[in-house]
Every structure is written in C-alpha cells, then in structure tokens.
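One line per chain: the protein sequences are E and P, in this order.
The first sequence begins at 44 in the working numbering and counts up by one.
The second sequence begins at 1229 in the working numbering and counts up by one.
These aren't lab readings, by the way, just hints derived from the structure by calculation.
All values derive from a computational prediction rather than experimental measurement.
Wrong hints could be hidden among the right ones.
Computed cross-link-like contacts, SDA-like style, restricted to lysine to any residue with a CA-CA straight-line distance of at most 20 Å [claimed, not checked]: (1) P:1276 to P:1397; (2) E:103 to P:1286; (3) E:103 to P:1298.
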Amino acid sequence: MNETDVTKDGQRHVRPGREATTGVHTGPGVEHVPSAARPARGRGEQAMVPAAEFGSYYGKPIINQPVWESPDIPGYLFLGGLAGSSAVIAAGAQVTGRRGLARVAKVGAAASAALSTVALVHDLGRRGRFLNMLRTFKPTSPMSVGSWILASFGPAAAVAAGSDLTGVAPGIGAAATVGAAVLGPPLATYTAALISDTAVPAWHDAHRDMPFVFAASAVTSAAGLGMLGAPVEERGPVRLLGALGGAAELATERLMEARMGLAREAFDEGRAARYHKGAQALLVAGTLSSLTARRSRFLGAVAGASLLAGSALTRFAIFEAGLASAKDPRYTVVPQRARLEARRTRPSEGPRSNGDHPAAPPTGTE
Amino acid sequence: MVANPFASLLEHGDPATAAGYVDHPPRMGFFTDTSVCIGCKACEVACKEWNHVPEGGLQFTGMSYDNTVGLGADTWRHVAFIEQRKRVGQQVTGAAADGAAPAESGIRWLMASDVCKHCTHAACLDVCPTGALFRTEFGTVVVQEDVCNGCGYCIPACPYGVIDQRHGDGRAWKCTLCYDRLGVGAEPACAKACPTDSIQFGTLEELHLRADRRLAQLHGAGVSDARLYGRDPDDGVGGDGAFFLLLDEPEVYGLPPDPIVTTRDLPAMWRRVATAAALVAGTVAVSFTRKAP
C-alpha cells in the first residue's frame, strides 16, 4: 500500500533530493508539554503569565546553564558591593574626622576587593590567563568594564588601607582614599549590568531595576560592616545608612519582582526561595535594629551582622533564581511565545526597533 | 574601536563591515533545510572529525534517536529527533499505537541539524571581555582558543544555548563555521558530508533566495507548517548567519521562539547603573551631613 515517489526506474518526479516534499496535509501544531504544577503563591498575586502549555524539546533547557559557580560569583556580587560602598564611607568618615570608622571602612574595602579578585580568578576556566581580562576594553562587555574598574579600585583601596594602618605617606593615602571613593559606586553597581546582560530570564527580565537593588544592597552591607567595627560614638552615619539601605533594598527588590514577568516565579523555587526569605527577614531585623541601636554596642553589632548577611543573601537569591530560570525552558519559551503572539496581533507595529522592549507585551519580557 | 561602541548593535547590514573589515568576502552561512534531513548524523561526525572535537560523554537518553542531547563545547552540530503523532504526507506508516486505521494516523519524524547561528548581533561576541571571540571577514563568529580564559560570560549570553565550557579544559568552544576550511575556499565539513543537502553552505544572500524558493515550493505542496527560522534580518538578533527551514514551532526543536541579543538593552542598563552609582555616592554623602535618629 506504500505510495512512494521512488521506483525501480528512479524517482517518479525527477528533481534533486533537496527538493523532496514532506508532511503534505499535516496541520500546524506544537507538541505540548503541560507546565509543571506550580505552588500557589501566597500574597494573593495573580500570575503575570497564565500557566500556559508550551512546546519544548524533551523538556531540555533552551539556553546553556551558566558555568559560574557559587560561592565565587554570588560572593563576588556581594563583596564588590561591600568594597565599593565601604570606600565611599571611608572617604566620608575621613572628611568628617571619624578616624575609627574610616579605618574599618578602608580595611573592609581593601579586603573585600582582594577577596573579590580571588573569587573571580578562582572561577575562571583558565586561571593562569586572568590577565587577559585587561587585554582590551569593551563597553559592550560589562565584565570588561568591571575588570578595569576592579583593577583600578583594588590598588587604590589597598594603598588607602595600608597608609591608614601604618601611618606611612598620609598624603598618598588620602589621594588613594578619594580615588577609591570615586571608583567605589561604579564597582558596586556595574555587576547588575553584568548579570542582566545575559539570556538568563530571571536576570535579564530584571535589568531595569537590578542596578538599584544592587546599589541599595551595597550600601546596606557597607553600613553593616561599619556598625560592626566602628566605635559607638562614630556610628551615627552608618546607622542612618543601614536603615536607609536596608529599607531601600527591601523596597527596590520588591519593585523589581513586581515588574518582572514569568521569571519572577524563579524566586519562589528551591534555594532562591530560601535565600530570599532569609534576606528579607534579616533586612527587616537589621533596619529596625539600626534605628534603635543608639548606644548599645550589642544591638549595633546585631544590626550590622543582620545587614551584612541580609545583603549577601539577596545576591545569593538573585544568583540562584537565575540558575533556576535557565534550567527550565518554560521561562524562556512562554514569554517569548507571548511576545510573538502580541506582535502578531498588533501587526501595525512593524519591525522591532532596538529600543527598550518595544514589542514586549505587558506580561513579560525576556 | 569605532566612535560609538554600540553602533554595531544598532546597524543592519553586513556584520563584517560593522566590525571594521574593508574589502572583505561576502557573508557566508548555512541554510539547514530540515524537511530533507534524514537524521544520519553525518554532520555531527564530520564536524567532530575535522575539528578534533572530543567525545562529549556517552549516554542513552531515550529521546528517540538523539543521544547527543544538545549543542555544547563538544557538540557543534546536533541532530534533533522529534516523534509526532501526525500524518506524514503520502506516507502510510501503519505505526498507529491506538489501533486506528493506518491511513488516519501515523508517526511523523522531524529531524533537524542544529548549529551555531553566527548571529548578526552576537551576544557572545559582545560580552566577551578578553576579545577571544571575534567576527571573521566572512561575518562568522569564532573563539580564539589561545586567548579565551574561560570566564564563562558568553555561555549565559547566548540566547540559543550554543557555546559552552569544555570540562577539563576550561575554555569556551563552539562551531567556527570551519573558519580554516573557508580560508582555503572549502565548504564546512558538515555541509560537505550532508548526503541530502539538508545543510547547504554558501553566501548568505544566495541561501536566502534558495530558502525563500524552497518555502514557496513546500507551501505550494500543502506543507503549511513549513517556516523559515533566523531568516528575518529584523528579528531580535538581526538575523542569523545560519538559518533553518522548520516544520513546526522552533521550541519543538529546542530553539527559542523569539531570541534577542540582550546587549541591545545594555546602553539603557549602563544609564541605570550610572544613576544607581550616583545614588550610592549621594546617599552616603547625605548620611554624613545629617544627624542619625
């Protein structure tokens, strides 16, 4: 009963194999994989994207998994923020004559920058080639920009701390303190662009708000370090900063999640969810105790430790949410499919521009 | 580097020209017509042989005839096998599992050889901090293995899941579109080995014409679900240097339905990073001028 074009005399229609037809009368369709049942989300929020069925290739992820490892990379996100903000606090403390706080912040900045470098080099596939990071300068690569920032910040912070501890060359030490304070804020925030400039849904989807979360988190951690180490009478500014930073971190993180599409759900899974909950609890505790820790050394230490740990957990939660969102093709396929459908139903829009998500539906982006 | 470092992200047109080549050869690429793929995996083998790509782990996946799973550091061509309960044109397979009359049912087998897309706007290339990834004069994207330090940034940057880090080596690897063979006028090993011309190599301009003609031919034959993937220069990556004719939605083959190069959002991200950095400096400054509660 087989009806084939191939006969003993060759092909029935003489044409090259590349012109063979196939699938006549086959209709359109996708091999649908029902998305796994998701745990109901607490706070009565509505899912941004309906839990749609989606097609996939045997449930395999679309994008390759980041090879960045924990604790190297989330640790670096945290330490870079701590180092950068500490350098700014060091300058502020120096100018206002808070010698104790300045020393804690300078040493903190230098030590975090050194640890950051160790973490980054440790994560390389070819550690011996770490200097290739400075082989070129590419504004299209946040990692290239960041390498140059860290490579200038690290020595400046080290000189500032060294001079403070030894009393040698106070003039150079002061200049290095200023230099580190100028490079500190970019060091603290560029990492947001670093992870957002990827196809990892939970990272890229948050690219608008991530810099502000990282900025707040950096201030929180540096204030926490200051509260742990500085003399009680010099703690005023970092107590204020701790409260401001902690509150801002809670708020910006919340805003970031609210503006994310489907990828937000990656924060509700596994490790990311645990770190996320821990971060929020610690930040609330740290913020409140910063406000009340006026004279108590103990309460100040509790506040400082909570803020440091809360900030670190925020970075770990974001890192883990990214990994989870990369692993599940749902996070890649469903929003992209929705974006396509939205474009299809709004044909007047024409081809996409290179602007900021011109064709993205309100339901989700990358 | 040109005056506006992001200019190459915004331009249409030839990526080699955007990368600064003058008087370069035409852009070369692949047109992979999956409708004539027979799943022989000659492309996988030829690629491994020619490029000395090491063995990537032996396993039985249960995914039809696909034990390669996906593209990675040790797989630069990957043949996907998809089994669908669908009519297969004039073919009568008799393979219906539910006992229905063979003419009413059947299994259709989709086979497709996946490869690096050599995007017009390549995220891997944009984010590479060492300059190991570069744009060749043929408009393709290649890793310089003597420069790559294994930072891993290109891996999550790729919207297609192509490039990956090789275990025990640490560096990132992917299809080079046989840069060495192109240099001497030979076609890439996979295209050379493909027995059905499912993998066609040529100038991108000619491949576009061939693909459009093939699509019209299939639509004329009633294959309404045939579509081109990566052909559109207005898509999120500016079009692919290696594009496809598919018989189902891209995600069925493990391809993203609407990939974008995330670097196109980078100028906006840098602006926000700068604002956030200013906020850090400002907040700390304010805290030293105010009295804490």
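Cross-check of the supplied hints:
Taking the CA atoms of residue 1276 (chain P) and residue 1397 (chain P), the gap is near 17 Å; set against the 20 Å cutoff, the hint holds. Distance restraint check for residue 103 (chain E) and residue 1286 (chain P): the Cα-Cα separation of roughly 17 Å lies within the 20 Å cut-off, and the hinted pair is therefore satisfied. Proximity of residue 103 (chain E) to residue 1298 (chain P) is assessed by CA-CA distance (about 8 Å); at most 20 Å being required, the pair is judged to hold.
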